[in-house]
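Enquirer: The chain contents come next:
2 protein chains.
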Amino acid sequence: MALVVQKFGGTSLADADRIRRVAHRVVETYRAGNDVVVVVSAMGKSTDALISLATEIAEVPHPREMDMLLTAGERISMALVAMAIRAEDVPAVSFTGSQAGILTTADHGRAEILDIRAFRVRESLDEGKVAIVAGFQGVSPDSKDVTTLGRGGSDATAVALAASLEADLCEIYTDVDGVFTADPRVVPTAVKLDEVTFEEMLELANSGAGVLMPRSVEFGIRYNIPIHVRSSFHGGEGTWVKEETMEEPVIRGIAHDDSEAKLTVYGVPDQPGIAAAVFEPMASAGINVDMIVQNVSSRGVTDISFTVPAASALEAVAVAERIADEIGAVGVDLDTDITKISVVGAGMKAESGVAATMFRILSESGVNIEMISTSTIRISCIVRGDDTQAAVEALHASLIGEK
Amino acid sequence: MALVVQKFGGTSLADADRIRRVAHRVVETYRAGNDVVVVVSAMGKSTDALISLATEIAEVPHPREMDMLLTAGERISMALVAMAIRAEDVPAVSFTGSQAGILTTADHGRAEILDIRAFRVRESLDEGKVAIVAGFQGVSPDSKDVTTLGRGGSDATAVALAASLEADLCEIYTDVDGVFTADPRVVPTAVKLDEVTFEEMLELANSGAGVLMPRSVEFGIRYNIPIHVRSSFHGGEGTWVKEETMEEPVIRGIAHDDSEAKLTVYGVPDQPGIAAAVFEPMASAGINVDMIVQNVSSRGVTDISFTVPAASALEAVAVAERIADEIGAVGVDLDTDITKISVVGAGMKAESGVAATMFRILSESGVNIEMISTSTIRISCIVRGDDTQAAVEALHASLIGEK
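Quick mapping for you: the protein sequence lines, in order, are chains A and B. Heads up: the first sequence runs through residues 1 to 403, numbered per the working numbering. Heads up: the second sequence runs through residues 1 to 403, numbered per the working numbering.
It should be emphasised that the hints constitute simulated quantities derived from the structure, not laboratory data. Just so you know, these numbers come straight off a predicted model, no measurement behind them. Hints may contain errors.
One copy or two, either will do: identical chains are not told apart, so a pair holds if it fits within one copy or between any two.
Unchecked claim - Below, in silico cross-link-like pairs of lysine to aspartate or glutamate (DMTMM-like), each with a Cα-Cα straight-line distance of 20 Å or less: (1) K242 / D194; (2) K144 / E127; (3) K45 / D15; (4) K45 / D335; (5) K144 / E123; (6) K144 / D126; (7) K242 / E127; (8) K129 / D183; (9) K192 / E59; (10) K129 / E166; (11) K192 / E243.
Can you build the whole structure from these sequences, using the hints too?
Expert: As structure tokens, then:
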């Protein structure tokens, strides 16, 4: 009836029992008359185990060899899933990223998908088989080396493969019930969303909602592949991510992200080109700068604050200190105890005053705002890490919970 | 100076510490001016762990998927070895069987090497790198699927690769000091051999000496690659396996093998073609028959006894019972409690009476001989399992220990 891509994460594949349960769900979809492509992550915490083995052996493991190592993880899970499906008398065959024709750049550890030539997958579907594809991995046509896509790579594999195969939908099975109005660990009254638009999901994902990775949503947008985020533990409906939704609320959800750090270069001579002088070297060093705030100049000097992923913070400080020297700034300050809080909703486009409301709610909760950035459907504020709970709860209660 | 292939087994790679030690040994060989190709098995007992995971999921795991699963094992060890070598500032790059151009038949779990197109390995050597190759695995050019070579496959990979690269020698690092005159666990006075000929090694390997697998010796013979079997735990000399040795003793060593079982088809009508009627169906079923004895006929009926690997015993019984029905034999008997004891020595060619001496020694030790088979440089006897210790000790004392 349909061509369905089903992606299962590591938690859903943590042991033999769970693998059998995943296989059973795949078989149900297959027996209902669908063509099924399964994309798998590595089992449970096995990737972490491989990483710690590597760092035991080399302080900075070589990226090519790291990818070679880590791709063993999905190889194991895909073979076991294929065996488990065959044990239910359904033909199944597993493919590595390379065999599935997932062609990527040669950037080990964070390769980008260039093209998908899924001939063998297509052929196995035509033969009536379930195809199981290793997520997270591909091959560089230039170097002929195996690559990995980085965090959330298996989601990207699933949606990109769905696009390439012109699948009817892509199901992302996960250990939560779907996308929530806020992180339920912080806001117990947060509720599961029945649907969100692609652009809302992209903003939420970029703002710290961990359930889907931004790259997979981008593939969904580009090829208009509906994504169904749902629980691998029960059959209930999850959250549909798609081009348009029935309702378009002003605020769909609230995300928070404590994985950023704030750098401030202070005492910067305020002259044209100073921002470029700071941010070009950051870009050259491969450091992703998120929010930027430049203070009002006072007596010819100013401060520039910006956020970077906490994982890049020390590297960013080193670059910033070099720049500060060059441009005659006074110094560099690092603050890792911050959280970015974002409210997201496509309805915001048609509604003014949301930002003002957000700032008022935070203020009434005694939460100080350190930085602000906005898009057409998102407002983000940097607050102190300690204020996270109060801020998210207050925003949820006022903007979503009361509806 | 030379091109050396070094193979390390699972025990030598069991943890991060041992991997670092292996890397160090490789680096020493490299720094001495040699080109080095390293062939690795999976770490420690990891293959066993994967097999038990597979059998937890499917009673009879699909052979293609089993190979996909098991090849993850060498993938992990080869990447870690490459990292460890790089950590010593020596360039190293790892290759899967497929990347190393190990082309095999499509017989999953017991593929045969058809050809080796080691272009990438050669190229990396030319670039001054150490090449690490996954043992035990290859790819079928027909099915494009990953295959494994079966037990001892990594040794076969090493020697075949050495042949293909025209290496000067192949070192097989293992957890024992070399090839012994008998199994030291049975005969404490057994001594390490400095050298054995290829044909002696082949007979010993086929007779249960586990240190080298017959297939790897066959590659050594075919391409005249000297094989040095040595300890991975210290630098001492091991055993050289080569075309000719300085001395050619009548008896080089004693091997025993308790992994066979004996079947007897009794009450067989003694008429022409009866042996073919028994053994053709065995061959069709893929069962390896080793020794065969047909009793003297009495009143037109006879018994046929033969040995098969214990792992195939139940299947062999099923085939034999079908045959017994067809040819009007009385029945089939299975005996798993047997041991094959073999004495091997190239000097036997020029010396008569060795068989008589062996039978006398066994007889004087009260050991009954159930079956006998010989080659030009080997005499094998089947004895009761309980008699193994007495038989091997007596033979070693008389034929080797007194020298």
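Enquirer: Tell me, in ascending order, the numbers of any earlier hints that this structure violates.
Expert: As far as the earlier hints go, 4, 7, 8, 9 are violated by this structure, in ascending order.
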